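Asker: The chain contents come next:
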Amino acid sequence: MSTLGFIMMCHTALDRAAEVARHWADRDSPVVIHLDKRVERAQFDWLKRELADLENVKFCKRRKCEWGTWSLVEASQTASEVMLQEFPGVRHVYLASGSCLPLRPVDELRAYLAARPMTDFIESVTIRDVDWTIDGLNTERFHLRFPFSWKRHRFLFDRYVEFQRRFGLKRKTPDGLQPHLGSQWWCLSRQTLSAILHDRRRREFDRYFQLVWIPDESYYQTLVRNYSRNIESRSLTLSKFDFQGKPHVFYDDHLHLLRRSDCFVARKIWPRADRLYRTFLNEENNSARRAEPTPGKIDRVFAKALERRTRGRPGLYMQSRFPNSDWENGKTAAPYSVFQGFNDLFRDFEPWLSRRLGAPVHGNLFDPKRVRFAGDADTFAGCLSAAPGLRDHNPERFLTNLIWNTRGERQVFMFGPQDNQRPSRFIASDSNAQISVITGAWAVRLFTANRNFKDIRTEAARLQRREVEFVNTLRHVRSRAEIRIWSLAEFIEEPMENLQRILDAMDGAQSNRLTEAPRMANLEGLPMFLQNLKNQGMNPFAVGDFPQEGVAPLPSGANSRPYLVK
Amino acid sequence: MKAIKRYGLRLERKRFLVRGWRKSRAVEEIANRTDAIREGDILAFCTLRNEKIRLKYFLDYYRDRGVDHFLFVDNDSGDGTREYLTEQPDCSVWWTDASYKRARFGMDWINRLLRLYGHKHWCLTVDPDEFLVYPFSDTRPIPALTDWLDASSIKSFGAMLLDMYPKGSITEQPYRDGQNPFEIACWFDAGNYAINRNWDYGNLWIQGGPRARAFFPDNPARAPALNKIPLVRWQKHYAYASSTHMLLPRGLNLIYDEWGGEKASGVLLHAKFLDTFTTKAAEELERRQHYAASAEYRAYADVLRENPDFWTKWSEKYINWRQLEILGLMSKGNWA
Chain D
4 MSTLGFIMMC
14 HTALDRAAEV
24 ARHWADRDSP
34 VVIHLDKRVE
44 RAQFDWLKRE
54 LADLENVKFC
64 KRRKCEWGTW
74 SLVEASQTAS
84 EVMLQEFPGV
94 RHVYLASGSC
104 LPLRPVDELR
114 AYLAARPMTD
124 FIESVTIRDV
134 DWTIDGLNTE
144 RFHLRFPFSW
154 KRHRFLFDRY
164 VEFQRRFGLK
174 RKTPDGLQPH
184 LGSQWWCLSR
194 QTLSAILHDR
204 RRREFDRYFQ
214 LVWIPDESYY
224 QTLVRNYSRN
234 IESRSLTLSK
244 FDFQGKPHVF
254 YDDHLHLLRR
264 SDCFVARKIW
274 PRADRLYRTF
284 LNEENNSARR
294 AEPTPGKIDR
304 VFAKALERRT
314 RGRPGLYMQS
324 RFPNSDWENG
334 KTAAPYSVFQ
344 GFNDLFRDFE
354 PWLSRRLGAP
364 VHGNLFDPKR
374 VRFAGDADTF
384 AGCLSAAPGL
394 RDHNPERFLT
404 NLIWNTRGER
414 QVFMFGPQDN
424 QRPSRFIASD
434 SNAQISVITG
444 AWAVRLFTAN
454 RNFKDIRTEA
464 ARLQRREVEF
474 VNTLRHVRSR
484 AEIRIWSLAE
494 FIEEPMENLQ
504 RILDAMDGAQ
514 SNRLTEAPRM
524 ANLEGLPMFL
534 QNLKNQGMNP
544 FAVGDFPQEG
554 VAPLPSGANS
564 RPYLVK
Chain S
9 MKAIKRYGLR
19 LERKRFLVRG
29 WRKSRAVEEI
39 ANRTDAIREG
49 DILAFCTLRN
59 EKIRLKYFLD
69 YYRDRGVDHF
79 LFVDNDSGDG
89 TREYLTEQPD
99 CSVWWTDASY
109 KRARFGMDWI
119 NRLLRLYGHK
129 HWCLTVDPDE
139 FLVYPFSDTR
149 PIPALTDWLD
159 ASSIKSFGAM
169 LLDMYPKGSI
179 TEQPYRDGQN
189 PFEIACWFDA
199 GNYAINRNWD
209 YGNLWIQGGP
219 RARAFFPDNP
229 ARAPALNKIP
239 LVRWQKHYAY
249 ASSTHMLLPR
259 GLNLIYDEWG
269 GEKASGVLLH
279 AKFLDTFTTK
289 AAEELERRQH
299 YAASAEYRAY
309 ADVLRENPDF
319 WTKWSEKYIN
329 WRQLEILGLM
339 SKGNWA
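As given, the protein sequences belong to chains D and S, one line each in that order.
Using the working numbering, the first residue of the first sequence is number 4, and each one after it goes up by one.
Using the working numbering, the first residue of the second sequence is number 9, and each one after it goes up by one.
Same shape as in the complex, but just chain S:
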């Protein structure tokens, strides 16, 4: 890679850091409990809006797996999300009513928090509908994984987004507060993912799954990206470049092996397609705060009117991480 290009990326990273500082001036501190963070703690970072109904399960899921502290940016929720989070002893909460889109879909706020509080911690950056599954996640907590990553000198851990959907129409089974969303949305596409390499940033570009199949059959290039790097041993100078799809410096994006082997990786189970999705899609379309003029949400709205069923006879029903490993969606690498 040419020196000029490398220098360009360096400038870009600096720009993200400055941008994070600039954009987060519109962010107000509601409850800052970060004093409680100790050396070696696992931190979770999350931006959200009107997700109260999901929070109980979300928090419990990650607490069980060893996350020690949660840092939330609430983008002007009106459903009691902020109040609920403020009551939690292991959550720090920030609030803003600034534009989600102008903060690069919340990434500027998160980059700022990561820089302030994430330094030298393993940081998990997820949405409230994303649930990390990693090798041995049923028997080993996240600290076991991060200890192993540390010992192997690995700084970032990739986890592909796996869209989960129910059988039948998505409004058929309503989601209750505190419920495991994968009791309803327990199906997924096992093997229709297209991978391309992004030479500039060094990451892989993964597209496919039910969203590409149902919403973008004629325009697959616009289908949402599924590659994610949610778990990073953070350093002050790191920055997420585009959602959690890629990072700078580029070396952090090399979560795949190029010489035939497999590196360890996980999966983010994506509980997007619940009955809450139809109202969400309508609202987001109205707000126009999403990527590419909310093209994704426009496509959703068109299809959602017909109340789609993502399920096919080839859909796989989720069992556990071992199943995902056998199907080749994630890998143990050399962790045994």
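The following block holds chain D by itself, in its conformation from the complex:
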């Protein structure tokens, strides 16, 4: 006995629709087809001829259908009336479209429904609780009027919505209606469907819904609440929407995903997905599964796609993702550390740190002469070149590329006032950056340099100027990096504690205490050197209050290693 009838709303890919209709009709399920009136007469005739041998396939009066308008509801009403009248044995009516594909044998669906004879499967959620829609129109669907087509008269549509909003025009919902929304693909029992169609107040309700926005998502969903004795608020059709509100399409490579979903019907299928049609339309009762539909896995796939489209991968800059400033969702892909002044103060800082972290540590990546990759390599991850010209062509992209290419490995590099300063603002505003600065550490290198004092003085002034600018950038209200700044004098008061604090803040570094210390440069004579600079008119204030020789004891003696904290 044919207890399950299908209504098919078709407008394109009629050959596929015919295939599916035949599949259902052959398996003793009557089908009523509504074909959009905008489709040419010749195609309608073709479809009719194609299905002429099937007695339980009927065509209903054709109407012009347009997305988002009342015409779709009207079409389904007409088709439902035909179904209820022509096939009195039908207990459940299933609303499907021409691009739907049954994933499980009809018998299983029939058995499933027979076990739940009075249940209506229709997603129906109240608008107060759920953000159903993707664009702004949520409750306004029911309170404003929408006489203009969104597809054809977008301008009028938008203006009229604005107009109503500005003047606070609101419609009254008819008494006894609680607006509900849900997927437009439903499966209703004869009792409920006929109650909706034969309601005494149907004219009133229809008139109201004619000016509601996308009524096919709310007409049955609302009215069913008045009549149904048992609503299962979910759709039996697997149908997913993307962020623009258009349905996701299934292709041949979704075969396994669809099969494992255990859903009864899926929408929408790409018309040329031969393998899907071949497989599912020829699959007979291979096993009595009786499993509940579990679309969760497919949900996850599409949720991921949505996230990829709207949020993207943090730290990635590429041909189809180039965020405006501050819209990056993370300027770089992973945390990294920048050290300024440490390789001036400590002689073997990079190898020491590399041993400590168990990972390669770069030298000055922005050195004007050459990119100092770890191990002084000519190329690094992602084929980044050590040529300074290529780097300086776009230093920020160089840095983001480096961090992206080495995802999963924390990058550590040195920075200094003698380097290209262009990326400094970018680094300062990046919450992934951990920046540690010893200001005035350049003095240590100049102090040991074998150069004329006049040149040294000029160079010291230049470096100090650049460093001050860098520190100002770091202290700017917009900086989001994790920043530590010491003057040289402050830092060497307790160097090991300071280093320990930096390392502790790096995740992934070993948590045990430092046992081996880096070798500090010989600072004997530095105060004298600084005093000389001052005497020459250049005040090295970035160094801090460095104790004068003979006045205070030197913080660390010649060739000594810093004090270790056990």
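Calculated from the structure, these hints are not laboratory results.
Under the rule of at most 30 Å between Cα atoms (straight-line distance), these lysine-lysine pairs were calculated in the DSBU-like manner:
| id | chain 1 | residue 1 | chain 2 | residue 2 |
| --- | --- | --- | --- | --- |
| 1 | S | 175 | D | 372 |
| 2 | D | 154 | S | 128 |
| 3 | S | 163 | D | 307 |
| 4 | S | 244 | D | 154 |
| 5 | D | 67 | S | 163 |
| 6 | D | 307 | S | 325 |
| 7 | D | 40 | S | 163 |
| 8 | S | 128 | D | 67 |
| 9 | S | 244 | D | 249 |
| 10 | S | 321 | D | 372 |
Note that this is a predicted model, so its numbers are computed, not measured.
Fit chain S to the known structure of chain D by using the hints.
Answerer: Structure of chain S alone, referenced to chain D:
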């Protein structure tokens, strides 16, 4: 953007269209089978010169992926390219011996053909050494992509040029007719691309890869552009402005998301660096028919004398589109 500037771009576009008409008067029709084009067909447009050896694989590659008709402009080949193409049932062929350079590197001819035959079709404009890889290209044909683009109201699809190279010297493994070029040139640079924004046209300017690394380390601004928009749902009034790097009207160049998300995009695998390249470079240098007084080819010739090896230990070996997606060279966007 100021109205004056917008109007300037409009004039520029019109100029390209007129120029296309003017330049294509020197183009002769050899085999016109465009009657066979049906509504919704995918068309491929291509200018070429002496590329016979590549054609078999090129045609098969795109036929497999659902291109219905090919439109070629042959720039005076002497190696049988034209004869070969004329025999193909799904190819229409035009011929010219006019200057490639004066036709804006062939773009004027292509713009004309696009205007005549591309209207309301998805049109793929590629060189014979460019192979489009797009999300799910191993399981879904190009019509699946274009249907989805249509449904999403997207009019143009970007695909960055990815230079592929062999391991070892490029003359080491000779290329055979009909062979998959990526059996030889299967390596690429994964993450050294610099991106800048072109505010006038709205497109991104991408440079980098092995060519920037090997040929332009001191002058990266001159390195060739890698951003391309090869697949466009064509309208009569559209025009390619500079190779397939950018289009007018400007809106077609917005193939990237500015608010943190990712749009769908593909990659054009570039099989330039095969053994055929050395002879090609020498010939092109002689002809001086390329961009910026063939600066690119001059740079090539200097380095090529030393028979370079682009390969480094950081080079990636090509596997499939998913690999390119994970590496961040292309994106699925919200296509799933």
